[in-house]
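Q: In order, the protein sequence lines correspond to chains A and B. The opening position of the first sequence corresponds to residue 8 in the numbering used here, with each subsequent residue numbered one higher. The opening position of the second sequence corresponds to residue 14 in the numbering used here, with each subsequent residue numbered one higher.
Don't take every hint at face value.
In the DSS-like style, the derived pairs of lysine-lysine whose C-alpha atoms are separated by at most 25 Å in a straight line are [unchecked claim]: (1) A:K462 / B:K85; (2) B:K64 / A:K228; (3) B:K57 / A:K157; (4) A:K68 / B:K64; (5) A:K623 / A:K467; (6) A:K69 / B:K73; (7) A:K69 / B:K57; (8) A:K69 / B:K78; (9) B:K18 / A:K68; (10) B:K78 / A:K208; (11) A:K119 / B:K78; (12) B:K85 / A:K119; (13) A:K119 / B:K55; (14) B:K57 / A:K119; (15) A:K119 / A:K157; (16) A:K228 / A:K187; (17) B:K85 / A:K208; (18) B:K73 / A:K228; (19) B:K57 / A:K208.
These aren't lab readings, by the way, just hints derived from the structure by calculation.
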Amino acid sequence: MREHIRGLILLVLVGIFTLTSWFLSEIQMLYALNVSIVLALIAIGCGYPIYVKAVRFLLQKKITVQLFVTIAIAVSIAAGYFIPAATVVFIILAGTTLEDYILFRTRGAIEKLISMRPTTARVRRNGKEVEVPVENVRLGEIVLVKPGEKIPVDGTVVSGYSAVNQATITGESMPVEKTKGDGVFAGTLNEYGVLEIKVEKIAEDTTLAHIIHLVEEAQEKKAPVQNVADRFTTYFLPFILILASFVYTTTYITIGFEEAIIRAVSVLLVACPCALALAVPIAVVGAIGNASMNGIIIKGGTHIEKVKDVNLVAFDKTRTLTIGEPKVVEIKTYDSHSEEDIVRYAAIAEKFSEHPISKAVIAKAIELDMNIPDPTDFKIIPGHGVEARYGGKEILIGKRMMNTAISEEASKAMIEFENDGKTVIPVILDNQVIGIIAVADTIRENSLEAIQRLKKLAIKTAMITGDNIQTAKSIARQIGVDEYYAELLPEQKVEVIRKMKNNHVVAMVGDGVNDAPALVNADVGFAMGAAGSDVAIETADVALLGDDLTKVEYTIRLSRKAFRKMKTNIAFSIVWNAIGLSLASLGFLTPILAAFLQEAGCISVVINSALLLLHK
Amino acid sequence: MTIEKIILTVAKMGNNACPTCATDFEVRSLERALMRLSGVSKVKVDEVTGKVRIEYDIQKIDVSKIIERVEKLGYLIQNVLRGVS
Chain A
8 MREHIRGLIL LVLVGIFTLT SWFLSEIQML YALNVSIVLA LIAIGCGYPI YVKAVRFLLQ
68 KKITVQLFVT IAIAVSIAAG YFIPAATVVF IILAGTTLED YILFRTRGAI EKLISMRPTT
128 ARVRRNGKEV EVPVENVRLG EIVLVKPGEK IPVDGTVVSG YSAVNQATIT GESMPVEKTK
188 GDGVFAGTLN EYGVLEIKVE KIAEDTTLAH IIHLVEEAQE KKAPVQNVAD RFTTYFLPFI
248 LILASFVYTT TYITIGFEEA IIRAVSVLLV ACPCALALAV PIAVVGAIGN ASMNGIIIKG
308 GTHIEKVKDV NLVAFDKTRT LTIGEPKVVE IKTYDSHSEE DIVRYAAIAE KFSEHPISKA
368 VIAKAIELDM NIPDPTDFKI IPGHGVEARY GGKEILIGKR MMNTAISEEA SKAMIEFEND
428 GKTVIPVILD NQVIGIIAVA DTIRENSLEA IQRLKKLAIK TAMITGDNIQ TAKSIARQIG
488 VDEYYAELLP EQKVEVIRKM KNNHVVAMVG DGVNDAPALV NADVGFAMGA AGSDVAIETA
548 DVALLGDDLT KVEYTIRLSR KAFRKMKTNI AFSIVWNAIG LSLASLGFLT PILAAFLQEA
608 GCISVVINSA LLLLHK
Chain B
14 MTIEKIILTV AKMGNNACPT CATDFEVRSL ERALMRLSGV SKVKVDEVTG KVRIEYDIQK
74 IDVSKIIERV EKLGYLIQNV LRGVS
């Protein structure tokens, strides 16, 4: 901020001096003209940062645009054009100040993340609460966070209950419930309820700090298209110097000294390689900044260029398109038993089993507000099911536990469930099948929308999974992916990705841990739900910090737009320079107009790119 | 608090052909990124010479962390001068 204020003060001074100088030059008064010249010279002097830099760069044998401006000003003074020179200085300073401010705002996205870091923490020490600077918090200490406060560290809740808004990290605006045992991130907002948190990561090690570092690094990484611009600018500056000398000489011969000076100075001032130099990096900074505000980390300009070309997105199934935890999805009952009966008997039998399917059944029982009594006798038969006794009755759970004849109705239901990719659990009470529970992995809420949005962009979608064909087929049908590949081992997933790459630019979306090889082999690897896992953030080209899959389409649209901006910016600056230089060489510009055109071109490019921040 | 000063010389500075506009696009972002490290109290970048002057508290941050950060931000370090006063 300090730099902006300094720039602004200089600008105002130059403005006042130039205006007064011009005013004095117009009135008939003793010494007015002399004072006017002195004021103009002071105004020109206020542009000193430009000249100082020009000379210093020149000493390093580098030609810069400041050198052009300096030469132009020096020539104008020598030729007696004081007020025009002062006006040029004013225009250039005004442009620079404005650009600086826009650039500052473009980087604002990350400033916003940083401001989320609390500076102090309330720690419990020797039975007392003390407020300490966050860098003095030690690992393993207990931190207290009151409602409305930001969480200062990464850690685990040891007591309390609250909802925490994690938008800073995951980009999701809905608060997440947190209670004992849940992990929390520094920089997220505790909405209500007091939380006591055991400190696990502090300062530079927190997820937020990690994200900030990654965004900073990504913004510095150039996009390949930048090379075109860089190569151009290397030749551009010497070319301008030659052009200016050429224009001066020819005009001097054909027209005369005065016109030659005006044209040469205009050429020097109108040249605007900056628009070209900035065309790409600002678009990169803007796009990455926008993404970071939405819980997406794009790892650099290169990836923006890659993502924009993606025309096939492959999703991993478990824990990406689906939640990854089996749930009870349907219950069939027989012999006048109620659904509650079925769940109750199943829950009693499975009460002490740790199997994921048992957990699904217990979860269903809890959801129905049931008390689950202990079974009197209980035995797990691995790979088959559970055998238990309760109230003098025998309960058998599992398909392979059936040794009785099964009704046609029940057997039909079982086949139907299995064809739908669900796991069937018959509940057998005293040798009678009293019901069937169907368990399945549930599809994530926005999987369907994510796929549909991609289709709107004419992008093909695929699902790859290690799961069996039935399950894969059923999920694929429900969410509408174009193709699916099932029963794959991790290395076979890589093979599938490689084949897809033969005729597509492939993005792979997964959790970044189990499917890391496939992610790395795809053209672009998206890791989702990456906030909790440093590994996932590291391996991915694009890390989705939350688990909103629609962000895949968002990233693709953003990248396409960013790349379009880079291209239009480059094209615009080339055309702008060509027109400006032609007009200046042919004498259609005054130096003031030339300086104005130069700054206008540059500002257009900067604003055009900075607008990426507002992309939705 | 024990403050130490260090000067890094980095390559790829001031390559922006138009510093009137791009003024300190790169320079400022490097300055800010380093200032955000806890323990770093002062950063001054000279884009003409590529010299980065840093003041930091040796009890709070190790110099290797600072150097690593500069490199990760995409700058090639050519020279490190420690214990400058």
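Q: Do the alpha carbons of K69 (chain A) and K73 (chain B) lie within 25 Å of each other, as the hint requires?
A: violated (39 Å)
Q: Mind checking the alpha carbons of K57 (chain B) and K157 (chain A) for me, to see if they're no more than 25 Å apart?
A: Between K57 (chain B) and K157 (chain A) the Cα gap is close to 32 Å, so the pair fails against 25 Å, i.e. violated.
Q: Would you mind confirming whether the straight-line C-alpha gap from K623 (chain A) to K467 (chain A) stays at or under 25 Å?
A: Status holds; Cα separation ~22 Å.
Q: Does K64 (chain B) sit within 25 Å of K68 (chain A), going by the straight-line distance between their CA atoms?
A: holds (17 Å)
Q: So if I understand the rule, the pair passes when the alpha-carbon distance is 25 Å or less; does K73 (chain B) with K228 (chain A) pass?
A: violated (28 Å)
Q: Is K85 (chain B) close enough to K119 (chain A), meaning Cα to Cα at most 25 Å?
A: With Cα atoms ~22 Å apart, K85 (chain B) and K119 (chain A) stay inside 25 Å; holds.
Q: Is it true that the CA of K69 (chain A) sits at most 25 Å from the CA of K78 (chain B)?
A: This hinted pair is violated, its Cα atoms lying about 32 Å apart.
Q: Has the given pair, K85 (chain B) with K208 (chain A), been kept, meaning a C-alpha gap of at most 25 Å?
A: Satisfied, since the Cα-Cα distance of roughly 22 Å is no more than 25 Å.
Q: Taken at face value, is the distance from the CA of K157 (chain A) to the CA of K119 (chain A) at most 25 Å?
A: Given pair K119 (chain A), K157 (chain A) holds - Cα atoms ~14 Å apart, limit 25 Å.
Q: Hint check: K57 (chain B) vs K119 (chain A), CA-CA at most 25 Å. Holds or violated?
A: Holds. K57 (chain B) to K119 (chain A) sits at ~23 Å (cutoff 25 Å).
Q: Given the proposed pairing of K462 (chain A) with K85 (chain B), does the C-alpha separation stay at or below 25 Å?
A: Since the Cα atoms of K462 (chain A) and K85 (chain B) sit roughly 37 Å apart, the hinted pair is violated (cutoff 25 Å).
Q: Hinted pair, alpha-carbon criterion (25 Å max): K228 (chain A), K187 (chain A). Please report holds or violated.
A: With a Cα-Cα distance of about 41 Å, the restraint between K228 (chain A) and K187 (chain A) is violated, given a limit of 25 Å.
Checked against the numbered hints above, the structure violates hints 1, 3, 6, 8, 9, 16, 18 and 19; every other hint is satisfied.
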